[in-house]
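With chain C's structure known, arrange chain W on it following the hints.
Chains as they are written, first to last, in the UniProt record's numbering: chain C, 1 to 675; chain W, 1 to 675.
Just so you know, the hints here were simulated from the structure itself, not pulled from any lab data.
Hints are all accurate, no fakes.
Once the Cα atoms are required to be at most 27 Å apart in a straight line, the calculated BS3-like pairs of lysine-lysine come out as: (1) C:LYS669 / W:LYS115; (2) W:LYS661 / C:LYS115; (3) C:LYS661 / W:LYS88; (4) W:LYS661 / C:LYS129.
2 protein chains.
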Amino acid sequence: MSSSHDPTKQNAIDMTNARAATSIEVADVRKFLNGGPLLWDRRKKIVTILSNDPVFDKSLRAFHSRQEQFLRGEAISNRLYELQELHKWSQEDMTIALSVMDEPLPIASHNITFKPVLELQASTELRSKYAAMTASKGILGCYLQTELGHGSNLSCLETTATYLPQTQEFELHSPTLTSTKWWSGALGKTATHGIIQAKLILPGEKDMGPHLFFVQLRSLETHETLPGRTLGDVGQPDTLCGWASTDNGFARFDHVRIPKENMLSKFAGVSDAGEYVTPPHAKMSFSGLIYFRSLMVTNAGWLIAKAATVSIRYATVRRQGEIGPDGLERQIITYPSVHVRIIPLLARAFVYLELGRALTRRVDELTRDLSVGDTTQLAELHHMVSGLKVLVSTTGIQDLETARRSMGGHGYSAFAGLGKLYADFLPAATYEGENSILEQQVVRAALKTFRSLSTPRPASLSGTSSYLCLIRDKALVPPKATADTWAKPEAAISLLEWRASLLVQEMANTTTTPDPSITQRVSRAITEAFVAARVGELIAALDSAFKPRAVAVVRKVYLLYLLTTLESALVDLLSLGLIIATVETATHNPTRGLRLAVARLCKELLPEAIGLSDAFGFSDWELDSALGVYDGRVYEALWAKAQQEPLNRTDVTEAYEVSIKPLLLRGQKIAGAKL
Amino acid sequence: MSSSHDPTKQNAIDMTNARAATSIEVADVRKFLNGGPLLWDRRKKIVTILSNDPVFDKSLRAFHSRQEQFLRGEAISNRLYELQELHKWSQEDMTIALSVMDEPLPIASHNITFKPVLELQASTELRSKYAAMTASKGILGCYLQTELGHGSNLSCLETTATYLPQTQEFELHSPTLTSTKWWSGALGKTATHGIIQAKLILPGEKDMGPHLFFVQLRSLETHETLPGRTLGDVGQPDTLCGWASTDNGFARFDHVRIPKENMLSKFAGVSDAGEYVTPPHAKMSFSGLIYFRSLMVTNAGWLIAKAATVSIRYATVRRQGEIGPDGLERQIITYPSVHVRIIPLLARAFVYLELGRALTRRVDELTRDLSVGDTTQLAELHHMVSGLKVLVSTTGIQDLETARRSMGGHGYSAFAGLGKLYADFLPAATYEGENSILEQQVVRAALKTFRSLSTPRPASLSGTSSYLCLIRDKALVPPKATADTWAKPEAAISLLEWRASLLVQEMANTTTTPDPSITQRVSRAITEAFVAARVGELIAALDSAFKPRAVAVVRKVYLLYLLTTLESALVDLLSLGLIIATVETATHNPTRGLRLAVARLCKELLPEAIGLSDAFGFSDWELDSALGVYDGRVYEALWAKAQQEPLNRTDVTEAYEVSIKPLLLRGQKIAGAKL
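Chain C with its partners taken away, still in its complex shape (with noise of 0.2 Å):
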């Protein structure tokens, strides 16, 4: 290594180098992430009003207390929509402005919960005089659902709503301890009003279930809690230091008497008398869930590309271990062991962007499908958003912790970025339905559907089930894997179809001693195969998107996305036999083939990593992280950021003469010595 070497500024230099060396049209690809050159023309322009307003500054809350992180919570909140009068930006600007937030805002239960759950299932006059109000923040809501002792078996809540004839009211009610809400966002201290799950008791202690009441929460003129309720925070919501921006409460209600219009009365009602009003559709409820759930796809989506790009960018920069060609410790990202790891998170995030997007396509006709009493594509839907739900929460917490990992000690570096996001996504896969629950729905779907194939009536097969038609038409034979396998997107995507469809037959035989993982390795096939087929249409549509370079370059990244899953699917594949393996294979391991390919893939899209990832289009503000930072000087960066750690505001800690004195005094006394 020669001497004059200086590290911080090789960075730049290997930044520089490395952005040289792409091959594709970055802008191109660029607008294509991002929905097209309006829509990243708007993002640009929001993003740039953003982080030149000091209410979204980032420099500084890594040392925020969980009390600064929450009233910041409530001043970005407030001042997005200041911004929204003050720019006259559109509800899709806006989208686009809370989208970019890195933090979980007080405002969000009242937009993805209260609002679209108020919309779709109040009654028309509820609707009618909330709808306004609702639209323009005059007031905030929030979704009272888990309790402290009840979780996702809503037949089991506690909280009551018993129907009063003589008043014509509900009186809401929490018997217990356990009935208390709990976890809701922006319950604790924001939230004016919630939409709130409660057993509906009528007349005669007729318990017919949990349904959904409006109740007023807090005075709009003092914000005061109203009396009856019981309000508060949960206490540090995370156990990792996430969602400290936003205040999740609970709920306490002491006989609360509500009139009778608030029950959410579009699907199920009362008469006065206290009659229970039958739904026409019970399903129509599960509407409001697969709208939160498929912004979950696009969301983790985003995190993804996040954590490939400050990965990425770090690898390219770092330098250690074997001296390389140029004499120097080689950039980190060179070595296999590293990039086999993050140039695959660069292809789930472009697959799940682009999976979100035709969802939220999808989910915007099944709305408007409902709101004409068409329920035909919601069973469909709702299958494929439990699963891709459950997908995207796994893989993106995955995705996250590998590159953070990747990234070495610095890793564990708050400033690195990386971990408030782990810490803010984490609890994906929970809320919104709990992981395991989901899975469940989606395999219990697909095994009535397996099971109708051998009746004279077979289930029709499409989308999320298409992959069964391997098994209806016996003729079919699994392929055998070859070397050529991993080269060719249709032979993968077959593998993925055929190990769903042999699992959910080995499933459906042995219903009667499953093992314990099952259910889930199941879900996950079905979902994967579903994705599997979606690559293959993006594969096919290609041309149409890029130019010739690019085309070639992001086939690869598709391609890896299909390896890469088969990776993760070896154990299935193996065990069913559609990967072969004999004692005899011991020298000639079967897996070897698919690991090298993944590798070989990989080392071909490094000179386009960066360049891949610039595509995704952050700014430093979005990242904020010292090593992601856009042009490689990540020590500046890191060292800058420690300057400002309160700590280091004074040489002697004022732990010295409480603590550190005593303990170096003492010591010296029985040392009987002082230096």
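Using the frame of chain C, we list chain W on its own:
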């Protein structure tokens, strides 16, 4: 569900019943796990003292800011040694007291790195000058190795120690920003002295590579930073809020002179004239790291034990989902999807605790050997602890996260207690040797031994390499896994040894085209084969350790360890042909037998789960988890914790006037309405 049922009271009933169901003598197992009745007795006494001392109170720490956590860490460090003096605790007592602390303490760097390295590597003169002060904490030390721009490749460190023959001094210097020492525990605000890795430069600009030097950092009079040093805290040290109680620091040196005697010169020195004196045993410097890493095995055992205790207790009292035979929702621990995840944690904790104890004995022996110049055990123990460090840090992180996620929504609460353990343990994958570097060392040693087998002078096989007998003795053929295999420890051990052998062979045969994950997989396979053989020995010794009922139960615990290890190794076992699948087996998945065996064992251990976790002996103070309280009253504990959240001190938050009110008023104006 009966309407008179009170889930709060049910918590305590469920816990009492579960405790009564245990068949083993908990007290006996507890003594065993704690290393005998004497050590258990000491731990109990020490925990009683600590948990009644206000300095060690944990009731508000979830709400502490970084600064408050740091001040608490310093106060705890001081108080521990004050208590040592007060209660006349022995060194062994202090080891226990430090081991029950669940905070990374500033004093840890002094005890775990500074002191041992000084003792082992300093010259007699330097040692005699500082030994007493180091032992008594009259000075406080830290260890400066990693630099801002440089990690595990020590030869590329930039900090220099230039020998000046004229004055018989070394001049320490940080030539660049990237040479800044970074991450060292206690360096920021606590340590008065440090041992620093720096490139030794001899006259004529001869670069002799990294060596260790002793340097004072802060004044012993005022605690101010001495001239020529720039010291500080690297900032909120962990991305997930871990390590807040310690001051990971940075340091730069501007031509700081230290006397020649300050070089740690037991194994390598410089003559007065500036000539290098070659070390007799270059590897001697490894032995410090061996000591740190061996501690991590026991540490991981206790951490997993905590995760097991908390998750098993919560799953015992949490009821959710289906209505069971008692008319209540089922205890979640009764679901196979839950208990197959958390019961195996018991097994891993049992194994690691015993393994750690045996390892500590081996390392103590090694230390004695080394002090008389005997290095025969050094290489073997170095590879053993390297592999084990990787294994226990990897599985420990996974197990903590598995336990936390098994607890559903409440698992995300800071009051669940496991998140803090996770955040504090996560860096274990990187510190004291980055895992991927250690894996390379383990694998390199194995390949060397393997290749020697076909030479006229084959290496002797023992300990970490004994599994290679299978390859050496050509007559042996791999076993066929049958239903029986999953009931017999020896069969499971044999499969794990065959896997290690065949993978090493595969790697040796494919060095020209290695797949990128093979180093990781081979290292893991070797270490798991080694641990499996030790578990075989533990099983053989069971009859002498326990009464008959406990023997039967603990035997199942150890077998469960082996089977879950096999399950996590399925890709290898299948692809190496140790478990055979064919297309025809698609309806008879060959991995089902293993999965069902794991499920069966977990189910059989279910009635013992509370007893086995009680046997670790944790007090509520040690666990500090609302979900893991001994009496099972988890909801009351969560409620009580939430009431202490600082945001709950006022009903109306201070964010109301600043942010929420403007947002509401603007919305009401836009909607043109006031409710």
